[in-house]
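Okay, here's what each chain looks like letter by letter:
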Amino acid sequence: MKLRQIELSTTPSAEDIASLRLGDVVYLNGLVYTAREGVYMRALEQRANIPLELPAESAANFHCSPAATIRKDGSFDLGAVTATASFRFAKWLPEWMAKTGAKLIIGKGGMSSKDYKSYFVPNGAVYLSTVGYGTGALLGRGVENVEAVHWHEELGIAQAMWVIRCSRMGPFLVASDLNGECLFERENAKIAGNLERLYAGTKPATLKRFGETDDRTDEVIG
Amino acid sequence: MISIDLIEATAKELMAKAAIEIPDDYLDGLKQAASTEDGDLSSYVLQAMLENYEAAKQDRRAMCGDTGTPRWYVKMGNGTMIEGGPIALEAALRRATAQSTYELPLRPNRVHPLWRTDHNNNIGIGAPEIEYGYEPGGEWIDLITVHKGGLFGTDYRMLFPSDGIEGIKRFYLDCLVAFGKRGLACQPAIIGIGIGGCKDTCMVLGKRAACLRIVGSRNSDPKIASLEDELKELGNSIGMGAMGFVGKNMVIDANIEVGYCHTGGMQMSVHAFCLSSRRAVARVFPDGRVEYRTDPEWFTDYQRRETVEWEPMLEAAE
Ligand code: SF4
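First to last, the sequence lines map onto chains X and W. 1 is the number of the first residue of the first sequence in the numbering used here; add one for each residue after it. 1 is the number of the first residue of the second sequence in the numbering used here; add one for each residue after it.
Derived from the structure by calculation, the hints contain no laboratory data. A hint or two may mislead.
Just the calculated beta-carbon pair ranges, DEER-fashion [stated by the list, open to error]:
| # | chain 1 | residue 1 | chain 2 | residue 2 | range |
| --- | --- | --- | --- | --- | --- |
| 1 | X | Glu-196 | W | Leu-114 | 55 to 61 angstroms |
| 2 | X | Gly-211 | W | Asp-301 | 35 to 41 angstroms |
| 3 | W | Gln-58 | X | Gln-5 | 20 to 26 angstroms |
| 4 | X | Gln-5 | W | Pro-136 | 54 to 60 angstroms |
| 5 | X | Arg-209 | W | Glu-291 | 45 to 51 angstroms |
| 6 | X | Tyr-27 | W | Gln-32 | 27 to 33 angstroms |
| 7 | X | Arg-4 | W | Tyr-302 | 51 to 57 angstroms |
| 8 | X | Gln-46 | W | Gln-99 | 30 to 36 angstroms |
| 9 | X | Glu-181 | W | Gln-99 | 43 to 49 angstroms |
| 10 | X | Glu-196 | W | Pro-161 | 24 to 30 angstroms |
Fair warning: this is a prediction, and the values are worked out from it, not measured in the lab. Each residue gets a CB set at the ideal place from its N, CA and C atoms; glycine is no exception.
Please build the complete structure, drawing on both the sequences and the hints.
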């Protein structure tokens, strides 16, 4: 089956988002900004003013740190762009979305369907996953310009807020929809059926430490 | 005597090669995987990856935005002399790492574990790691850089002799399923497995098996080699492919390295090198020659020796 390919604005309309289906391939046009733990903590916990007009300028939050340099003259050299795993940011995202109107959360690995149902869907937002995930060079080609880098002195290059103008940046895969369905959970469920057969006859960890078992009473060294 | 400037210049070249050019053995393995993959999502992902490697080479940009944690493996012959000695060598490797981070650019990934201080150059306490090996004979130095990525593709379990091969398979599957869900470890990958040693050496063996052996290489012990085949096959029958989507390809190759361990135990570690299997190698000679290659050729008979003395003459005669 061929996957559907879609071009999407980084300030998408409600209809644009409603039309996305799990597994669609998306290319983005417009401004995206990077924000991960450093930015979330600074904006939400230390209440620093966000240096961008959100969501008017962009509703696309990329969980990413680019491979980039700030040159001595203050200009930027940005090569490859790759997402970082998003599940770690679940504690800040509900407040972040409410505050910034983010509609596209872009990253690696997605979130749980519980996250999608409890705060993505009510905010009309979906999750886009990078592909691979190592397609940094392809994504780098979609960078038209670095418009600004905020907070790099406070947070360092990797955690700074990079504002990137992109033109057909992609590919991304739609990993959640407005019903709160999760692409990865759907795939995991299909694979799980096979595991029992494969595990047959193998020998579980002798020590059964918590983690190797999920039942504390099972631990050999209690 | 090997010139220190030549070492530094070569090291910088290696940093760029590792970040930008996917090694041929892994690329061929991935193409092979892509030709057999029939899951619609996972085969789309593999095609995108193949395009990505091309884009990286054409544009001379890093293949992945997460450029991993650069480290060095250095191997020397018994007769190798370096201008300025080992301290100058380490300084040259640190300078090359810092300058390449700025110039390529690489992502300045390395930060202080507690204070999160970032020098923006991938240099800090213990970073980059520099590990050493030696070979009998020779006056050359091999410089090997590996930029392994991934927070999610490593694990360790203490097994016991009675767990046997079935215990090994179980931990291997536990690892691959855990690493592979949602594709967090960026499979399909070269999987390195360390068996034996002590806990720390077991981790080192597994990591080196993943990063310093190429696709298609086999352990010199024929029974371990056939276990490698078996584990590759097992990993690819999970039904999981790239990004954790339904598919046939998790493992591009499975490499096992062993070390003698405590009589009561059977330590095991599993390491996934990711879709950006970044390694680059050069041999520098005292006469100024530099030969680049992608096979680290780390695990020689000498590295795997079992005896008290090393008697190359005897070996040669056999
Ligand atoms: S694990 Fe994935 S994201 Fe990280 S360096 Fe490797 S390919 Fe890139």
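May I ask which of the numbered hints given earlier this structure violates, with the numbers listed in increasing order?
1
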